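Engineer: Build the full structure now, drawing on both the sequences and the hints.
There are 2 protein chains.
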Amino acid sequence: MLIRNVSILKSGQMLHGRDILIIDRRIAKIGKDLRDEVGDDVIDGRGKLAIPGLINGHTHLAMTLLRGYADDMELMPWLREKIWPLEARLTAEDIRWGVKLGCLELIRFGITCYSDMYYFPDETAQATREMGLRAIISGVVFDMRPELLLEVEPFIRRWKGDELITPAVGPHAAYTCSEETLQKAKEIADRHDAMIHIHLSETREEVDGFLLSKGKSPVEYLDSLGMVNERLAAVHCVWLSEEDCYLLAERKANVVNCTVSNLKLASGIAPLNTLMKAGVNVCLGTDGASSNNNLSLFEEMKVTAIVQKNAYHTPAAFSADQIWQIGTKNAYKAFGMNMGLNVGAQADLALIDLRKPWFCPETNILSHLVYSMNGGVDTTIVNGKVLMREGVIPGEEEILEKAQERFLRLTS
Amino acid sequence: MLIRNVSILKSGQMLHGRDILIIDRRIAKIGKDLRDEVGDDVIDGRGKLAIPGLINGHTHLAMTLLRGYADDMELMPWLREKIWPLEARLTAEDIRWGVKLGCLELIRFGITCYSDMYYFPDETAQATREMGLRAIISGVVFDMRPELLLEVEPFIRRWKGDELITPAVGPHAAYTCSEETLQKAKEIADRHDAMIHIHLSETREEVDGFLLSKGKSPVEYLDSLGMVNERLAAVHCVWLSEEDCYLLAERKANVVNCTVSNLKLASGIAPLNTLMKAGVNVCLGTDGASSNNNLSLFEEMKVTAIVQKNAYHTPAAFSADQIWQIGTKNAYKAFGMNMGLNVGAQADLALIDLRKPWFCPETNILSHLVYSMNGGVDTTIVNGKVLMREGVIPGEEEILEKAQERFLRLTS
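Protein chains in written order, with the working numbering: chain A, 72 to 483; chain B, 72 to 483.
Read the hints as simulated data drawn from the structure, not as lab findings.
Quick caveat, the model's predicted, so the values are computed rather than measured.
For glycine and all other residues, C-beta sits at the position ideal for the given N, C-alpha and C.
Please note that a few of the clues may not be correct.
Claimed, not checked - Some, not all, of what chain B presents toward chain A, calculated at C-beta under 8 Å:
hint: 1; residue: D143
hint: 2; residue: V331
hint: 3; residue: L334
hint: 4; residue: A387
hint: 5; residue: C431
hint: 6; residue: A474
What the hints assert, rightly or not - Derived coverage of chain A by chain B (criterion: at least 3 residues anywhere in the stretch with Cβ under 8 Å from a Cβ of chain B; other residues may be distant):
hint: 7; region: 142 to 151
hint: 8; region: 175 to 189
hint: 9; region: 332 to 343
hint: 10; region: 357 to 367
hint: 11; region: 387 to 393
hint: 12; region: 427 to 435
hint: 13; region: 443 to 454
To be verified - Counterexamples of contact, computed for chain B against chain A with all Cβ distances above 12 Å:
hint: 14; residue: R75
hint: 15; residue: R96
hint: 16; residue: A99
hint: 17; residue: W155
hint: 18; residue: D193
hint: 19; residue: E201
hint: 20; residue: M215
hint: 21; residue: L235
hint: 22; residue: S249
hint: 23; residue: K255
hint: 24; residue: H263
hint: 25; residue: S284
hint: 26; residue: G297
hint: 27; residue: K323
hint: 28; residue: N413
Structural biologist: This is the structure:
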């Protein structure tokens, strides 16, 4: 596949009139006047910008099916009265169409890979593979449903080595899993060299509870179980002490912050500057569509930047290029992905239509991507395969219809 | 003009299969199986939602020309080193294309009316009229350029009674205008029953300065000059005492908050709940593209809702329907516009393509509009005239080229 005459993003600048040659699943060459000796698919890149694909570092993709079903409620009534009763009725078929609906949105936002934690990980993986996206999928584990712990290792065995799907372990949180469950989750992850994906220090109540009952913060508690390491994706991390930040850094753990969800649920604002000063690898996720309510990493980048500027009392903090690095390179590192507009990297990228008013005038492209952009992803490519071309995703209409049907069944 | 088979937004719900008949510049009928006896323009509304047009309550539209030119800087170096030197070079021709560029974006976001404060108000008004948008345009006034005060009354005389343009007076701020200037600005506004558009209590430094030098908050100071009334659009209002809130309410003044700009410049978070509890009419604006960096009121609504939820420590605050009312009805009231999907109202509306993943499943349409939507405005109509049809704005390409040319000239 050859993308011709496209603008590319290189070290924060736009270079115009480049060609990108994709052979098989990799970027084979980037340059001028390239030829494709192997394939015959040519994409006209004029007026478009190629960016490396984005990673949505934390979501519950099947929950896209519950978008807008319940908003603006306190956390516990929201879970007890709305979310949990519906989740108890979820079937594999609901997951399938919820995930596909979520994939449509990811594709439209230039997100080529996501990290998921939810029930029915096999169905999530299967639907994602059918949609052609890449994902790190964690089978969720918590004590209220003990069978989940038994299901997670077989799930990992089934998907290990898959080209698009990386299986992982998802103990829901330190307050919903007993010490024994967390230990077993860790053993499974260790056996398979898999990542652990966990909600951590999301609310003040959670942290206060641990300090009272165990005399440790949730981060310190997890560390005492040996779970804080470079295979940890610690999600949210809103309420951290300075010691927590340095501990996460020392252990080379990854933090996935979800600013929009944290604000919408009134959980607070994470100390991202302190984390990064300590040297923690911070990346971003949107959380599920039932608490955001979309899956856009562009929006997440902007809201994170401006909220952090205000929290640290200076507009100079969290500049466009810093936040772009948090949204891209830091995520590639956290999830071990060979991504970027580089020769040899996975052919996971997006083309953005530059002929939109929010890209005018041509000043600072990273500023435009982070602060101005409102739509315009035109083409999304994952693993060398075109998933959306000029705004068209084959089969989109059927997925929207099926998702609507499944939602009606769930709530009937 | 007849819009056929469209979904409409009525009291927060979607009603499907309606027709909207527009005669001349007004909504003449809303119902089923309507016929257009007068015109022959029919718009197919299937799969689309009609919403009343939005008002962007505060911007400096010509500054769209400076988008991305300088970000992530402290306020004073940003103004002194970047913005002011460029503004000193602005010509009428720059304003013309900057405003047209901004209008493109407003049209794409379903914004049919905006409130502006800037230099060259005549050129702003002229370019806006050519683009077909509605606007309240305030000639800016401050002491560093005394000629501006002399120019504002002739500007008002020229545009008073215009179908699309409402002229107003824009004293920049209480700290950039002397008491004498503010008095004169007020006299002009009073003589013409015009609005006053002013930046007020934006930063803590501003408020501290007034408390020290005058023993009054900026709100109290303006009130002592008789300027706080129902014709006041007080912009930002980030740093208000509870007394300020009740004073603004008692005087029936309007507050235009710009959450995104306030965060990006690290100015703080406005006490919107306190303002609204006191009974103040609060609406929203984006500020200029050089401090936001886009003009989307959808984004402004979402960010305002989630930031205020977090500030008041409950996800139940600032619900989707509240924020939708702040974004629509409150703005119509502030600027005296007869807008809304009602018979007899101005024919200012937008059609949104519902066949996007962020509108699926069909649950709560206001939640989707406020929290999920990321693009999809398809058609924008102002004063009974179609400005964008199915995503196409005639002349867009020329405007993008001219804006780029003007920016290069400015910075050369």
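Engineer: So, for every hint listed, does it hold in this structure?
Structural biologist: Hint by hint, here is what the structure shows:
no., hint, verdict
1, D143, "holds, 4 Å"
2, V331, "holds, 6 Å"
3, L334, "holds, 4 Å"
4, A387, "holds, 6 Å"
5, C431, "holds, 5 Å"
6, A474, "holds, 5 Å"
7, 142 to 151, "holds (count 6)"
8, 175 to 189, "holds (count 4)"
9, 332 to 343, "holds (count 8)"
10, 357 to 367, "holds (count 5)"
11, 387 to 393, "holds (count 5)"
12, 427 to 435, "holds (count 8)"
13, 443 to 454, "holds (count 5)"
14, R75, "holds, 21 Å"
15, R96, "holds, 26 Å"
16, A99, "holds, 32 Å"
17, W155, "holds, 17 Å"
18, D193, "holds, 23 Å"
19, E201, "holds, 16 Å"
20, M215, "holds, 23 Å"
21, L235, "holds, 20 Å"
22, S249, "holds, 28 Å"
23, K255, "holds, 33 Å"
24, H263, "holds, 33 Å"
25, S284, "holds, 23 Å"
26, G297, "holds, 34 Å"
27, K323, "holds, 28 Å"
28, N413, "holds, 25 Å"
Of the numbered hints given earlier, the model fails none.
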